[in-house]
Amino acid sequence: MINRNPNSNETLLSIKDLVKTYPNGTQALKEVSFEVRRGEFLVVIGLSGSGKSTLLRCLNRLNDPTSGEITFNGKSTLDLKPAEVRNLRKKVAMIFQHFNLVPRHTVLSNVLMGRLGDTPSLKSLFGMFSAPDYQKAREYLNLVGIAEKEKMRADQLSGGQQQRVAIARALTQQPEILLADEPVASLDPATCHTVMDYLKKVNQELGITIICNLHFLSLVRQYATRVIALKAGEIVFEGSPTEITDDWFARIYGHGAREVHIN
Amino acid sequence: MATAPEKFILIKKGFWGMKASLVKTTFFDGLVLGYLLVVVLIAILHPSDEQMLELSKNTLIFLSCCLVGAGASFLLNFFKLKTLGELIFEDAEAKANLVSESWYKTVWAWELIVFLVTTLIVGVKITQFSVFELMDQQGFQGAIRLFQGLMSPNFDLLPRAVLNIIVTIFMAFMATALAIPIAFVLCFFCAKNIMKTPGAFVIYMGLRTLLNIMRSIEALIWAIIFSVWVGIGPFAGMMALMIHSIASLAKQYSEIVESVNEGPIEGIVSTGANKLQTIWFAIVPQVVLPFISFTVYRWDINIRMATIVGLVGGGGIGTLLIQFQGQAMWPEVGTIILVIAFVVWFMDTASAYLREALK
Numbered sequence: 001m002i003n004r005n006p007n008s009n010e011t012l013l014s015i016k017d018l019v020k021t022y023p024n025g026t027q028a029l030k031e032v033s034f035e036v037r038r039g040e041f042l043v044v045i046g047l048s049g050s051g052k053s054t055l056l057r058c059l060n061r062l063n064d065p066t067s068g069e070i071t072f073n074g075k076s077t078l079d080l081k082p083a084e085v086r087n088l089r090k091k092v093a094m095i096f097q098h099f100n101l102v103p104r105h106t107v108l109s110n111v112l113m114g115r116l117g118d119t120p121s122l123k124s125l126f127g128m129f130s131a132p133d134y135q136k137a138r139e140y141l142n143l144v145g146i147a148e149k150e151k152m153r154a155d156q157l158s159g160g161q162q163q164r165v166a167i168a169r170a171l172t173q174q175p176e177i178l179l180a181d182e183p184v185a186s187l188d189p190a191t192c193h194t195v196m197d198y199l200k201k202v203n204q205e206l207g208i209t210i211i212c213n214l215h216f217l218s219l220v221r222q223y224a225t226r227v228i229a230l231k232a233g234e235i236v237f238e239g240s241p242t243e244i245t246d247d248w249f250a251r252i253y254g255h256g257a258r259e260v261h262i263n
Numbered sequence: 001m002a003t004a005p006e007k008f009i010l011i012k013k014g015f016w017g018m019k020a021s022l023v024k025t026t027f028f029d030g031l032v033l034g035y036l037l038v039v040v041l042i043a044i045l046h047p048s049d050e051q052m053l054e055l056s057k058n059t060l061i062f063l064s065c066c067l068v069g070a071g072a073s074f075l076l077n078f079f080k081l082k083t084l085g086e087l088i089f090e091d092a093e094a095k096a097n098l099v100s101e102s103w104y105k106t107v108w109a110w111e112l113i114v115f116l117v118t119t120l121i122v123g124v125k126i127t128q129f130s131v132f133e134l135m136d137q138q139g140f141q142g143a144i145r146l147f148q149g150l151m152s153p154n155f156d157l158l159p160r161a162v163l164n165i166i167v168t169i170f171m172a173f174m175a176t177a178l179a180i181p182i183a184f185v186l187c188f189f190c191a192k193n194i195m196k197t198p199g200a201f202v203i204y205m206g207l208r209t210l211l212n213i214m215r216s217i218e219a220l221i222w223a224i225i226f227s228v229w230v231g232i233g234p235f236a237g238m239m240a241l242m243i244h245s246i247a248s249l250a251k252q253y254s255e256i257v258e259s260v261n262e263g264p265i266e267g268i269v270s271t272g273a274n275k276l277q278t279i280w281f282a283i284v285p286q287v288v289l290p291f292i293s294f295t296v297y298r299w300d301i302n303i304r305m306a307t308i309v310g311l312v313g314g315g316g317i318g319t320l321l322i323q324f325q326g327q328a329m330w331p332e333v334g335t336i337i338l339v340i341a342f343v344v345w346f347m348d349t350a351s352a353y354l355r356e357a358l359k
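So the protein sequences, as listed, match chains A and B. The numbers in our numbering rise by one with no breaks, and the one at position 157 of the first sequence is 157. The numbers in our numbering rise by one with no breaks, and the one at position 331 of the second sequence is 331.
What the hints contain is simulated information worked out from the structure, not anything from laboratory work. Because the structure is a prediction, the values reported are computed rather than measured. Do not take every clue at face value.
[As the list claims (entries may be wrong)] In silico SDA-like cross-links for lysine to any residue, where the CA-CA straight-line distance does not exceed 20 Å:
| id | chain 1 | residue 1 | chain 2 | residue 2 |
| --- | --- | --- | --- | --- |
| 1 | B | Lys-359 | B | Val-260 |
| 2 | B | Lys-275 | A | Asn-87 |
| 3 | B | Lys-192 | A | Asn-87 |
| 4 | B | Lys-275 | A | Asp-64 |
| 5 | B | Lys-275 | A | Glu-84 |
[What the hints assert, rightly or not] Interface residues of chain B toward chain A, partial, derived using beta-carbon atoms under 8 Å:
| id | residue |
| --- | --- |
| 6 | Val-122 |
| 7 | Gln-141 |
| 8 | Gly-142 |
| 9 | Ala-143 |
| 10 | Thr-197 |
| 11 | Gly-267 |
| 12 | Val-269 |
| 13 | Gly-272 |
| 14 | Asn-274 |
| 15 | Leu-276 |
| 16 | Gln-277 |
| 17 | Phe-281 |
| 18 | Ala-282 |
| 19 | Pro-285 |
All residues carry an ideal CB built from backbone N, CA and C; glycine is no exception.
All chains, full assembly: derive it from the sequences and hints.
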């Protein structure tokens, strides 16, 4: 079950010498190693193309790493059979920059899709989700504050609302980790904070570990408990958000870069 | 980017280490120039009919001409005179660095002009295009008599025509309805974005090839095959249309599946859903409206094709038409054409409205 103690020191995820080289020769990750403790709000920063998305997508096996090791709850995730990969994905949920909800389906139906991993194929084809599934879906819709929109078509919602539905879908999976790939990059500044606040709530109230890719340092300082910075596929900084000085900022983002504040 | 040079080499290395664009360019120019050379040869040598029928010898001559053309293309491009093939197939890099030059100073423009003019002249010769035939007094009178017959339709035939067109409409309906489930299942197996693994790719290629062959055989040919197989009548016509519809719909459906937004697919895959669930929840909602629209259009096409298929023994109104046409009973033919025109017009309009509403 979910550990509700965010201060535990238990290592949940450990990444060792992770390498990902794309078929066209691009080296997205070069021997990346770090550990994630249960209950953390870990933020990954870096320029576009620095390998942040690839890193996250290796963690739930949307991408297959070229070499290295990933252990989740003490078990390696790189030598799994297809069915075991699906089990891993149930535990390591993900939300995306473009929300990736299913259009023409209602909000509630989208959230219920978080239960697909635990629903037999035939039942799911007829949309037969169990009563506890419905209960969970509504509970999490309530948590992200859009329970009243459950009958609306998902593609009719605003960006911020769609991302909250995506969070609810991810929570319905009952995950231990929530990966967030640029969750606020296509949202306006005000909505940005709403979505980040919900992620914080998920982290603190449900004790779900969060690994989040972000662009804006101001958000990082506000929400992260720990930060990793990637540059050209390598970790160049690891530490607490308060340690990112102007000097570090220049090193991560290149000299001449300027910090943009969004609050 | 440190990896850029590697990428660059990968793209440029094509056929046997040659540039892929060079192969395409030479092949294209070889065909165009070889064809022009053959036309010139025929114009000069005036070969006899017997000589024209010597297929293997003539193929050899054509291929040698193509080889000469390919050589010419290679030389021209070697000396930086851009040919038509090079203009079409050159690298993206070369396309980005476009040199503006007056068109009449370029090789490719003249290659294009000579090709088009030659083809037009050859076309007039081969199709025996003749203004005299069009103006021929006797032939024109015949056409007028036929039109007069068509314009005074014999409405005694109307009940039979109506019954026969109903048969035709149902032939089209059955062909479409039976093709839908088969095409729906097949389309996912011939969509590139679903069949990604090497094993699946073999199925994808095999199925695509099979469907392409099925589609390249016209419904008319299928109707002839089935009229021998199951006997002349609506069943043969329906089977012919169904085979053709399966191939066409599966192709169109799979193209829609290939163009879906990848986002929802990732979203569903990341919940731990299996392949079937991913298709059902992430792809089907995105494709269902275009599928319906294409299906309605296919039914519309099938109604028109059902008439044609009837001409070769597929049953329905087409068979009736060919009977009366064979006896030169033009007023009866006029009635049949009227009924067909009305139904086709009605279905065409209805399907247009339906597809518009489904957008």
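Hints and how they fare:
no.	hint	result
1	B:Lys-359 - B:Val-260	holds (15 Å)
2	B:Lys-275 - A:Asn-87	holds (14 Å)
3	B:Lys-192 - A:Asn-87	violated (26 Å)
4	B:Lys-275 - A:Asp-64	holds (17 Å)
5	B:Lys-275 - A:Glu-84	holds (14 Å)
6	Val-122	violated (46 Å)
7	Gln-141	violated (62 Å)
8	Gly-142	violated (59 Å)
9	Ala-143	violated (55 Å)
10	Thr-197	violated (11 Å)
11	Gly-267	holds (3 Å)
12	Val-269	holds (7 Å)
13	Gly-272	holds (3 Å)
14	Asn-274	holds (6 Å)
15	Leu-276	holds (5 Å)
16	Gln-277	holds (5 Å)
17	Phe-281	holds (6 Å)
18	Ala-282	holds (6 Å)
19	Pro-285	holds (5 Å)
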